[in-house]
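Student: Chains as they are written, first to last, in the numbering used here: chain Z, 1 to 292; chain X, 293 to 530.
One or more of the hints may lead you astray.
Pairwise CB distance ranges (calculated) [said to hold, decoys possible]:
#1 Z:M95 to X:G432: 47 to 57 Å
#2 X:S314 to Z:R169: 18 to 28 Å
#3 X:K365 to Z:F85: 20 to 30 Å
#4 Z:M95 to X:G503: 46 to 56 Å
#5 X:S423 to Z:L81: 48 to 58 Å
#6 X:Q399 to Z:L160: 31 to 41 Å
#7 Z:G37 to X:S314: 28 to 38 Å
#8 Z:N190 to X:G503: 35 to 45 Å
#9 Z:F166 to X:N417: 50 to 60 Å
#10 Z:G94 to X:G432: 33 to 43 Å
No wet-lab data here; the hints were simulated from the structure.
C-beta: ideal position from N, C-alpha, C; glycine also.
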Amino acid sequence: MSPETQMYLAQGIHGLAYGMLLFLVASGLTLIFGMMGILNIAHGAFFMLSAYLCVTVLGATGSYWLSLLIAPLGVALLGILVERFMLRRAQASGMGHIAELLLTLGVSLVLAEAVKLTWGTEGLQVNVPSALAGLVNIAGLEYPIYRLFIIVLSLVVLALLSLVLFKTRLGTIVRAAVSDPGMVSALGVNTQIVFMLVFGLGSWMAGVAGVAAAPILTVFPGLGDQIGMDAFVVVVVGGFGSLFGALLAALFLGELNAFGIQFIPKLSPVLMFSFMALVLAFKPTGLFGERE
Amino acid sequence: MLFRATNLNTYYGLIHALQKISLNVDQGEIVCLLGRNGMGKSTTLKSVMGLVPPQSGAIEFQGRSIFRALPHKVARAGVGLVPQERRIFPTLTVEENLLMGVKAGCQPPKDLEPWTLKRVYKHFNSLERRSRNKGSQLSGGEQQMLCMGRALMGNPLLLLVDEPSEGLAPLLVKEVRDVLLQINQAGVSILLVEHNLKVAMSLAHRCYLLGKGFVAFEGTMAELQARPDVMAKYLEVS
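With the rest of the complex left out, here is chain Z (with noise of 0.2 Å):
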């Protein structure tokens, strides 16, 4: 292979893998937001929050698997409760979507001071487990086995996503939920049990990708941010509430990255806001969207 064809493959399986991690931060955003029609600013937080208790299960158990474990459940927890205390007050305060908006911006804030208060703001390091460590050989391209190893937890994690979403009732009731609430409650269901689950569910997906994440990243307080935005995007030009779109985006968006740095470095990081502008300038509702 030549040089030029291993840097095209490089830069397609990073773009891969970023991708696959933007979806499972994006399609909990984007579920969401149709489900209960609020954008939460805390799901980046979430993200960087699991990366740190990531950093203090392995450092208590030295197991990489066991944290992959733990911490996004421990985020699930949280997510849980954030929604049955705090937006289910918020939403019952009659003051609209302003009420929700705020107040997750205030838990992703509260959080980020949780997080330098308890780990300190200096960047931390988590290593690539043992059993992942060192590089393989992709005709003739040298590629680290971790970077692979992210595509396939997504890909496991989309696939029970999938199963859940359209084999369940459950899974049933939650499609259903995202384009009409209302009218699932009205035939009997008790909807904000499938809120508080469905919150979980996100929270705990961006969890996972923290932990997915740590071992490529620095974990610092500010690791949700650019994620918590990418996902954003991906959320808002495949179209609210739509997870088909949100894979889709995200595939798109994670290969525009990594094509962007490797050939116009200067302008990569206004490519995916570029994009989202020419989208929303053609189908204001997102490609598979059907709300403004």
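Add chain X to chain Z, keeping to what the hints say.
Tutor: Just chain X, lined up with the frame of chain Z:
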């Protein structure tokens, strides 16, 4: 008495949409809400369902209060809703839409034959062929049938039906009318909002005529027909 609402007051912000509305539906009845647009017919149904909670008043269903109950509690008590906008789930298949109507863990009423997919398909022939299609792919008439079938899957004792013939071709209007009659004969009581006076006359036992948020007239359909002055004042001239 199956259903009784007393002195319902409902507000949209500062707008007093329902002003002391009282109405009742007896077991086996079809009761029609009539009136011009914007008089509060749909709001009455939404208030009963809990989708737009009333400020004050009382609502009893089978002797138990469902006043200001959450929609899912009202539904599980035995009330079904066929809303005006139909509100089919666009990304779900026809069959999934119907299954959404099943109230998990709710016993169907003892003396009524429970509704199953098979029974719904028997009543709404066009739906069976479309069972694997997405809700968004249906025509207006099919959506109306699906919407009724979905409500029936929950085995309601009382069905709230909002403008079922709106926007449908005359042939479909007749089909909707016939289906409502069959449903009623199967033991389901119906509170119907209907614009088409002919359809209402042919279906309902009694009616309530709404003025701007209040009950202007109540009585049997024959009593209404004997009052051309009331009809002229509160109904659209057609």
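Student: For every hint, state whether the structure bears it out.
Tutor: Going through the hints against the structure:
The beta-carbon spacing between M95 (chain Z) and G432 (chain X), approximately 37 Å, falls outside the hinted interval of 47 to 57 Å. Take S314 (chain X) and R169 (chain Z): their Cβ atoms lie about 39 Å apart, and the range 18 to 28 Å is violated. For the hinted restraint 20 to 30 Å between K365 (chain X) and F85 (chain Z), the CB-CB distance of approximately 22 Å keeps it satisfied. In this structure, M95 (chain Z) and G503 (chain X) break the distance hint of 46 to 56 Å, their C-beta atoms being roughly 34 Å apart.
For the pair S423 (chain X) and L81 (chain Z), the beta carbons lie near 41 Å from each other, so the given range of 48 to 58 Å is not met. Distance hint for Q399 (chain X) and L160 (chain Z): a CB-CB separation of about 33 Å, consistent with the stated range 31 to 41 Å. The hinted window of 28 to 38 Å between G37 (chain Z) and S314 (chain X) holds, with their beta carbons roughly 34 Å apart. For the pair N190 (chain Z) and G503 (chain X), the beta carbons lie near 37 Å from each other, so the given range of 35 to 45 Å is met.
Checking the proposed 50 to 60 Å range against F166 (chain Z) and N417 (chain X) shows it is violated: the Cβ atoms sit about 28 Å from each other. Taken as a hint, the range 33 to 43 Å holds for the pair G94 (chain Z) and G432 (chain X), whose Cβ atoms sit roughly 35 Å apart.
Consistency with the previously given hints fails for numbers 1, 2, 4, 5, 9, ordered from lowest to highest.
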